[in-house]
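Taking my numbering, the leading residue of the sequence shown gets 18, the next gets one more, and so forth.
Just so you know, these hints were derived from the structure itself, not from any lab. Hints are not guaranteed to be accurate.
What the hints assert, rightly or not - In silico SDA-like links for lysine to any residue, alpha-carbon gap of 20 Å or less:
| id | residue 1 | residue 2 |
| --- | --- | --- |
| 1 | Lys525 | Ser507 |
| 2 | Lys282 | Trp69 |
| 3 | Lys282 | Phe510 |
| 4 | Lys282 | Glu379 |
| 5 | Lys468 | Met383 |
| 6 | Lys567 | Met551 |
| 7 | Lys282 | Ile141 |
| 8 | Lys282 | Ser507 |
| 9 | Lys468 | Pro385 |
| 10 | Lys556 | Leu574 |
| 11 | Lys468 | Gly342 |
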Amino acid sequence: MNLSSMVFLLVISVLSLFFSLSILNSSCSYFLEWELVCINSVSIEMALIIDWMSLMFLSFVCFISSMVLYYSGGYMAADYNINRFMYLVLGFVTSMLFMILSPNLISILLGWDGLGLVSYVLVIYYQNEKSAGAGMLTALSNRIGDVAILLSIAFMVDLGSWNFIIYAEKSDLWPLLLGIFIIFAAMTKSAQIPFSAWLPAAMAAPTPVSALVHSSTLVTAGVYLLIRFSPGLMNSGFSVYLLLLGCLTMFMSGLGANFETDLKKIIALSTLSQLGVMMSILSMGGHMLAFFHLLCHALFKALLFMCAGSIIHSAGDYQDIRSMGGLVNYMPMSVTCMNLASLSLCGFPYMAGFYSKDLILEVAFMSPLSEVCFWLYVLSTGLTVCYSFRLVYYTLSGSWNLFSLSSVSDEDMLMVNPMVGLSFGAILGGAAVSWLMFSTPYMICMSLLFKLMALGVSVVGGLVGYMLNMLMKYKVLSLRAYKYTVFGGSMWFLPFLSVSGVSVWGLKSGASYYHLGDSGWSEYWGGQGVYKGMSEMSKYMQVLQENSVKVYLTLLLIWILCLLLMI
């Protein structure tokens, strides 16, 4: 089943790419609509949009999914439920296909909801307490986006059709709240502030799932939705808020990745940072640039997760980078592929990420950005290089210090082959896609200072990352900086606010009311207090009743004497 599914997805990927290039060359698109049910005047129709953008994204999704299935054959070989895992991955891909090819909000909801449901099942795959908590956080966060899509469907009733492609260029007809709900749904699915907490928590899923989720499926669905709606949304006043939230997400995730020590969470935070880049350039009207970066990011991010999974798998499921070192001697293929992916993430010249990130930075510097967003862009770019260099430094330098005896190696070719295949994409993918998408180059007009700023910030970020690594490895930092370290490394307390922060006030209030009310004064003066008083009185009467007649006569005489004395 594993091999047949991989070949099937690979064939779909090649065919989709071929037809995408053909449609791109002919400058046309196809809108397919057929009637499923017709009862009197009620008809239910199914529609598909087939253009170069949907087919190219479909090609990338199927290619990465085929590599993930191939990789899973080695990574999940000892799992008794590997067939169930494969079916879940295929269900995940099917939901994404609904999302990509649908021009209709109702059919988009099928894929949108399917992504949330299957992601929950995959996050809780290992069936432990941590996975259950992470799965619940993922599911509930995505349900917020589902509600926003449902409300968008309700507001599109005024337009007369749910095929949003028809009204994409006519934003003046859109209800005001429609744009708000579409942006809100995209922010929840793509984990923008304040919905960022679920993305690192989803690392509880198996690593092949992380490679698929963070590259081309779940988290990119929100960006793709905004790309489809961008002609109408960007003419509204919501783009300013999207720009600010995207820049804040970039900065927050880049800062958090520099304090993180979990290998998978560092890569997850880098995904969050790149999603912020896509959202911010979308808000400036660059939907083609966002789509370009989406494709390039899918290639090197899937490769980065596969390399991390290979290292974790060989290290006995240990994920702390502080115990890794000298891996180039034991796992040369995995480390080489990871370095290629990290360089592409940093925007190293002529790697896949360079073509998209450099162009995005130049367009952003040319745009009328506020000073806050400008410096957030600059700092986030430097932080990306900083945490990438930190990750490479910890895995390459020094020696392996986890176990005195270890069997870390690159022996499993089922895991190495797909990494090598994606490495070519991480090297050549950016140039190839840029030549296809941009037949005419962007007009870039800026001073030499701004042109060199991106390169200078990257170099400074690498140097800062090296110095911080040396400082944290050989010196003890002052405890005065501990609170800043906690703040920076905890995603600005968003996980606490998303989980405990929402419920802790209600739970504590309920507990205090319970102790003061139900278990406190109401019990003391209520049923339990009356019961206790009656019990004490009955015990006293029972003691009196157990005495002899002489005692009663004596008490009666004492009582009569007291009365006589009172008279």
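Problem - Non-conforming hints, listed in increasing numerical order - result: Violated hints (numbers, rising): 1, 2, 4, 6, 10, 11; every other hint is consistent with the structure.
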